[in-house]
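There are 2 protein chains.
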Amino acid sequence: MTPHTATPAITTGPLPASAKIYVPGAVHNDIRVPMREISTHPTAGEPPLPVYDSSGPYTDPEFVPVIHEGLPALRADWIARRGDTESYAGRETRPEDNGFARGDHLVPEFPAKRAPLKAVKGKAVTQLAYARAGMITPEMEFVAIRENLKRESVASQRDGDAFGATLPDIVTPEFVRQEIAAGRAILPANINHPELEPMIIGRNFRVKINANIGTSAVTSSMEEEVEKMVWATRWGADTVMDLSTGRNIHNTREWILRNSPVPIGTVPLYQALEKVKGIAEDLTWDVFRDTLIEQAEQGVDYFTIHAGVRLHMVPMTVGRVTGIVSRGGSIIAKWCLHHHKESFLYERFDEICDICRAYDVSFSLGDGLRPGSIADANDEAQFAELETLGELTKIAWAKDCQVMIEGPGHVAMHKIKENMDKQLECCHEAPFYTLGPLTTDIAPGYDHITSSIGAAMIGWYGCAMLCYVTPKEHLGLPDREDVKTGVVTYKIAAHAADLAKGLPGAQARDDALSRARFEFRWEDQFNLALDPETARDFHDQTLPKEAHKVAHFCSMCGPKFCSMRISHDIRAEAQKEGTEAMAMKYRTGGDLYMPVNGAAEQG
Amino acid sequence: MTPHTATPAITTGPLPASAKIYVPGAVHNDIRVPMREISTHPTAGEPPLPVYDSSGPYTDPEFVPVIHEGLPALRADWIARRGDTESYAGRETRPEDNGFARGDHLVPEFPAKRAPLKAVKGKAVTQLAYARAGMITPEMEFVAIRENLKRESVASQRDGDAFGATLPDIVTPEFVRQEIAAGRAILPANINHPELEPMIIGRNFRVKINANIGTSAVTSSMEEEVEKMVWATRWGADTVMDLSTGRNIHNTREWILRNSPVPIGTVPLYQALEKVKGIAEDLTWDVFRDTLIEQAEQGVDYFTIHAGVRLHMVPMTVGRVTGIVSRGGSIIAKWCLHHHKESFLYERFDEICDICRAYDVSFSLGDGLRPGSIADANDEAQFAELETLGELTKIAWAKDCQVMIEGPGHVAMHKIKENMDKQLECCHEAPFYTLGPLTTDIAPGYDHITSSIGAAMIGWYGCAMLCYVTPKEHLGLPDREDVKTGVVTYKIAAHAADLAKGLPGAQARDDALSRARFEFRWEDQFNLALDPETARDFHDQTLPKEAHKVAHFCSMCGPKFCSMRISHDIRAEAQKEGTEAMAMKYRTGGDLYMPVNGAAEQG
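Protein chains in written order, with the UniProt record's numbering: chain Y, 1 to 603; chain D, 1 to 603.
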């Protein structure tokens, strides 16, 4: 066997001025929760700022990735200790799993194949089942620590409007358990994805973001596919959906899963369709079921299932401007029409639940009839499906399965809140996971922006996870820079939502960056930014010299006009004589001015 | 005299598939209101779509710009006909007007100097004075036609929430007059800027956007400075602020004004400070007054005046995270502290009004104490100044001066509405004009995005004009691409706001583009976009071949998975048998599914 060495194609190493730290558990002593701490200049006199870190070991300077081996199986012991799973000879890989790719076209299998686990007969191995049983799993304690980000040491500002969300001062493991038990949050973590660092999706926690990746039609290497996932998480993607189509779906997914520190979601229907050579009408329950097992054994953490698309809803889309824009939704609609019956997703939903229950695959109930244009938002078809998703939620919950609900799409600002309110009501507070929404249709090439507006707003109103949109949406496949732009844009939307909800401690990073700005600590300003590289690059384009990084002015105003410098002078005066004294001194100013002409009342 | 030929540095020519049209007036028969009409493919069977056009003659294929001559004086006759102005020998240009630039460093004077106009003694020549007198000026009829965009021929959707704004089905000249008379809208149009195509700023009209430009410290040519303005208006800037500092301020501004089809705003304090060599304490009312006259004679359409910063408010900023971030505000604060008295802006406000009244320069009452960080939003200092701006509004109105109010800045989402509501209340419904606001501080390099979220929201709530923010905000000076990105981003925010307010006809462009998307009319999709070039470029990066522009699928799904194609199949079926029949046929589907396990009620 050849030795596996580090793959240079994978981006590693810390972000600027950042250290990886690990916070130990208290209930469970073998958990180590990763965070990133950003240091500031000693003159700031500030402790390092902890920030949420979705990047996994790749940003740990001690870690050397060997993608042929995959990440350490962090959760293997936790899963084993529960004693409710068994190892078995998994399903054999078949030619159709990889779209019949052969020879040079076939991406190699991941070398270190593990036998899959499943629940022992009759057991539910979901975090929901454990939560309902009163268990605080290591996963739950992990996310509690992760969500807090040491917030106990940060002065917390609580002036947001959370629209009914309950954001505790401190997230305790018991709070996490309660939220999962109530179905208000999910902890997507397939027992066959032990490499995963647990995270939680629910409106009483930080707003999360998802990035979509997928194999290109042109051949791409394992390194490239793994790197797409690593790159997206480096900039902040909390989960990644693998939306690959075509050849090599199975093998590529294995490489991604074995190297992914974040939950991986898929739309199993895409692979099932490949297995029937793209003919929607040829899909069967058997093919679909086989695909679910295949993916569950690999460790996929959540499945998008478009079971809410029902036969009688299809005609509701005929009068729309853009019909059905969800790929999954349209495949199912076509199948339903052709066979003149309800889909196997709907009819066999309880069997799908049985599979999810045995591996802890979370549901992401797909919105197959989401609006694809402003004109179609909040229409009969969309809300009819949402009601069905609410019914399916109860069925899944009855089977101890974790559920979140997918949402739109294209929605003008004034119709966004109705989406959130209806979702909470119809789906019994199961977490909402939306794509944007885009607030106008007229800006292809800028749909990361049209959608960041809607995403920030729906995040504020209570949406738990925001699926990113890249600048290439509607036009082409995102490249590396587009993925980064999409992720950073969505981190902005999610953070803006956290601030507006009043998440304790969320403002700490804004304050740290603003202090750096006010004190002309340029390096700190870059380092505290969501994207330090771009911030530094933009600054250097105008003032490239190193000396300017310590200049007490900036390129916009230059030294003469600097408003911040003047504020420092004012502050210095106040410090000299005391703020109160200063205020008193100037308070008399209030009566100085008597206008020559009295102000007449005007319209 | 040398013949003046077209300057190649100026961007001219129509946007793709666009024709310039001119709609004649009915009340005034010498007005021709420009619009852009975007044509679609004949297969669409749709009339050309009229869109708002701020680009002036530069996008008219008949027009050849000669920047040494300037644009035609469109409004000269209208102004003359009113018989209330007189021509006079204007103020002589002085060395300090151009920052003492000489020789090669001095930008040449604009060659075709016109004697300035001012009001004959005792007259107010403002659109507000005319509106109050019951006059419908040509400017008013111009903006009425411009705002309508032929909306009488567009099926108008009215499902927005306008938060108390009154958006009529059709904008009549009389409606425009009433809005101006009530102070709810301004029509910035200095009598010495006859080249301007009138536009209106008020919450009962389309939301507008402003782009800032300025000379760079490094020398730049007249063509370059004019081109900055032309470039910003080409992409949709409704007004342009010239925030130049340093040398050549006077001469550069003259070149811009003579060639500008949009209102030009300035912060006169910047030039006044140059005249006293950057020493704030040395500013005097005489220097400032002289600068106002200088700029009013040139034709500046609106002045930012920071008269709301009062002595007793300065100590309120001491405890802030980022102090005073407005340049004008900090200059005035420094002056007030040094002289221990109220500023000449505040004390001489009525004399400033007299100047504005004689030339119809609109006020943009500056928010010198706006928050520069999330932490400082909606604080005592900010709202104290806002109340003073409300008092000043009444004084200006009493002098027949037009007024808008500047607003923040950095504000988290949950505090935005309070800004709008307080502004309407304190400032008696004078139009609001905000910078963003940015909804988080943590993304330098992406502040066009952090602020587009806030801008869209405050536009929806009633803000009349949004000042753009470019990706370089806080970091450096925007280049050409940054200006375009900023303008397009703000067109998105403004349009999202118009949609959410329910502006009649606003959705027509979204619908046209979405129909093009659904029908795979790729060229139409590009042409209807805010930025056709970028949309086309992004598409070509994935599917470059010309044939793909007519392909009935796109790069994201490929031919097999195309959801839209499947929708077309469904639609075809409905057309064959009738939608009603189709709905009936599938309605029975509603009862097919009986879950094996009844759904238990869960938390």
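Mixed in with the good hints, there may be bad ones.
No copy labels: a pair is met if it fits in one copy or bridges any two.
Stated by the list, open to error - Below, simulated DMTMM-like cross-link-like pairs (lysine to aspartate or glutamate); rule was C-alpha separation at most 25 Å, straight line:
(1) K417 to D161
(2) K422 to E387
(3) K123 to E174
(4) K121 to E351
(5) K123 to E96
It is worth saying that the hints were derived from the structure and are not from the lab.
No experiment lies behind these values; they were computed from the predicted model shown.
The hints, checked one at a time:
For the homomeric pair K417 and D161, the shortest alpha-carbon distances inside one copy (14 Å) and between copies (12 Å) are both at most 25 Å. Only within a single protomer do K422 and E387 lie at most 25 Å apart by alpha-carbon distance; the minimum there is 9 Å, versus 39 Å between protomers. For a Cα distance limit of 25 Å, the shortest separation of K123 from E174 inside one copy, 23 Å, qualifies, whereas the shortest one across copies, 75 Å, does not. Proximity of K121 to E351 under the C-alpha cut-off of 25 Å is restricted to the intra-copy arrangement: shortest distance 15 Å within a copy versus 88 Å between copies.
For a Cα distance limit of 25 Å, the shortest separation of K123 from E96 qualifies neither inside one copy, at 31 Å, nor across copies, at 85 Å.
Hint compliance for this structure: hint 5 is the single one not met.
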